[in-house]
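Novice: Each chain is listed here by its residues.
Number of protein chains: 2
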Amino acid sequence: MPSSEFDLIAAINERLPAPGPRVRVPSGDDAAVVEPRAASAVTVDAIVDGVHFMLDSYGPRAVGRKALAASLSDLAAMGASQGEAYVMVAAPEDLSDEDLLGIADGLAETAIREEVTIAGGDLVRSPVLVVSVTAVGYEPGGSRFVTRPGARPRDLVAVTGELGGAAAAVRLMEMGERRGEPADRGQGILNRQLDPRPRLREGRALAKSGATAMIDISDGLGADATHLADAGECHLEIDLARLPVAPGVAEVVGGDDDALELAASGGEDFELLVTVPREHFAAAAQAVADSGSELTEIGYVTEGHGVTLRLPGGGELEARGFDQRRGSLSGSG
Amino acid sequence: MPSSEFDLIAAINERLPAPGPRVRVPSGDDAAVVEPRAASAVTVDAIVDGVHFMLDSYGPRAVGRKALAASLSDLAAMGASQGEAYVMVAAPEDLSDEDLLGIADGLAETAIREEVTIAGGDLVRSPVLVVSVTAVGYEPGGSRFVTRPGARPRDLVAVTGELGGAAAAVRLMEMGERRGEPADRGQGILNRQLDPRPRLREGRALAKSGATAMIDISDGLGADATHLADAGECHLEIDLARLPVAPGVAEVVGGDDDALELAASGGEDFELLVTVPREHFAAAAQAVADSGSELTEIGYVTEGHGVTLRLPGGGELEARGFDQRRGSLSGSG
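Protein sequences appear in the order of chains R and B.
The letter at position 223 of the first sequence is residue 223 when you use our numbering, and the numbering goes up by one with no holes.
Adding 1000 to a residue's 1-based position in the second sequence gives its number in our numbering.
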């Protein structure tokens, strides 16, 4: 933590985007004041150096981007319109001003791209770097928030985008990739860790298309599918042969079978796992395509409980997450 | 962090109070859903083991109480009605289940007493214990939020309650008080650290009484008065002889002069520092008394800038905080 703390805070604030129209009191007061617009969704997501990222290999900008994106991904999984974010940074004394401002730059970069206002926060000293983001979203006109309960037998199970990239990126970085700045280096798979994209448009499109349950894939497909099955008191049957495995994953892990397992269990892809009534699936897929992503049918809902991850050659994969480092205290996962 | 993480989360949830009426989706989903009532105030406040508390000497319940109270104190300083809180706990692997549940008990104790709903949060692994609370409050009917700018020349400067107790409590604990549970031991001065009381009723009473500017004393009277002077582009003249020094502080620090200095510079008292037009002062003092606290006139506002802390024997005390460990990234201080 630098000695000229208050000047640094001003410098950080300068790097953040201007507050959005709902923010009446943006900054420098005891609390931010936000005019309500509709029912709000609030989520908290924290990342810790050495646990969810490595500052040395990610670089500070990627830490800021990932912290905000992880929290916005929870809003996406509600079908929310993104509103405001509040950022707590616990920073070690020996973190350089340059790195702290780099984190702010990363937060600002994602905030600008995702059109979210960073309306407040707290900066404290800590032996370890922690970035926690509270994100507030609003219920869009014409649709309701989509929660975890709600899947019904005969619904189709689908997933946006591609899976396995985030876990493969961790392996790549463990193999020696360092301080990747994706804008400079164009490494698609590393971007799943260094510049994750919350599926906000896709989430709203799915909410409007009649999705019955939705969750973001942060703990891994198996674990997050289990959350949907438990919440909906139903069974999810998933055909792993249909998984949209991210390009490049097989090269990183050394084969198609391992790539499939990573796609089924790796966390932090921040794609959306959703259940949709069969009669609405075509429209939902079109709406997601219009949002710039792709919706892939990977299974269906039945009576029962739990999740079956059916392997291409027969047999099952155990439905647990690759990444059990995270757990939700309650409302915000 | 215990291995049976998800069972523990359920156990924590059981210890938390039931959600309030505005919470539509309370728990176990990607985000909490809250029905808006009025303009909302949002604040983030984090405390870190070894920086803002010592787990060994505070005990886990006091950590939970302090984390929530510190955040609610920011809402008090807006004149807000408390609404929901969202808790991020970054917990070391070797933190026992008992201690983690103790933190939840402390959060629940303060949540119940202060009538706030803990509507969500995140639990992550971390090398060091960090508890960050995002608190959301609402603008009460019949008054507006009171922000830091707004003090006008001729306004009186006043403070609720008593000062110096929180800093004296830190000294007491450094002298060897350990794992104090105030309910059992009745140690009034230690409670300023172990069970701080946010001045929520007092804050609303002051807002309704026409307060022009308000802040909670978290960084110390001198530092927080400087925030009001800077925000209001005015000068605050404070007569230290009038400070309501908490009983027992002189005994801890060894004399009245040192007690006065601690009351003027010690942080974390979580009392409210407020400016009030002279013609409204009597009514404001009565309203604060009706809330169970006391409002003490300690100075006045003039044209100019900065803060003068006038010593009883003449001369001035430098207007800076005793506790510079904290700094606000932006909106929520």
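If you're looking for bench data, these hints aren't it; they were derived computationally from the structure.
Please read all numbers here as calculations on a predicted model, not as lab measurements.
Glycine residues also receive a C-beta, built at the ideal position from the N, C-alpha and C atoms.
Mixed in with the good hints there might be a few duds.
What the simulated footprint calls covered on chain B by chain R, stretch by stretch (three residues with Cβ under 8 Å from a Cβ of chain R suffice, anywhere in the stretch; the number is not a length) [to be verified]: (1) 1032-1041; (2) 1045-1058; (3) 1073-1083; (4) 1087-1094; (5) 1112-1124; (6) 1268-1279.
Novice: Now, for every hint given, state plainly whether the structure supports it.
Specialist: Hint-by-hint comparison with the structure:
1. Here the stretch 1032-1041 of chain B counts 10 residues with a CB under 8 Å from a CB of chain R, which clears the bar of 3, and the coverage holds.
2. Residue count for the stretch 1045-1058 of chain B with a Cβ under 8 Å from a Cβ of chain R: 7. That meets the three needed, and the coverage hint holds.
3. Counting residues of the stretch 1073-1083 of chain B whose beta-carbon sits less than 8 Å from any beta-carbon of chain R gives 5, enough to reach three: the coverage restraint holds.
4. Against chain R, the stretch 1087-1094 of chain B contributes 4 residues with a C-beta closer than 8 Å to a partner C-beta. That satisfies the three-residue criterion, and the hint holds.
5. Only when three residues or more bring their CB closer than 8 Å to a CB of chain R does the claim for the stretch 1112-1124 of chain B stand; here the count is 7, and the claim holds.
6. Counting residues of the stretch 1268-1279 of chain B whose CB falls under 8 Å from any CB of chain R gives 0; the rule of at least 3 is not met.
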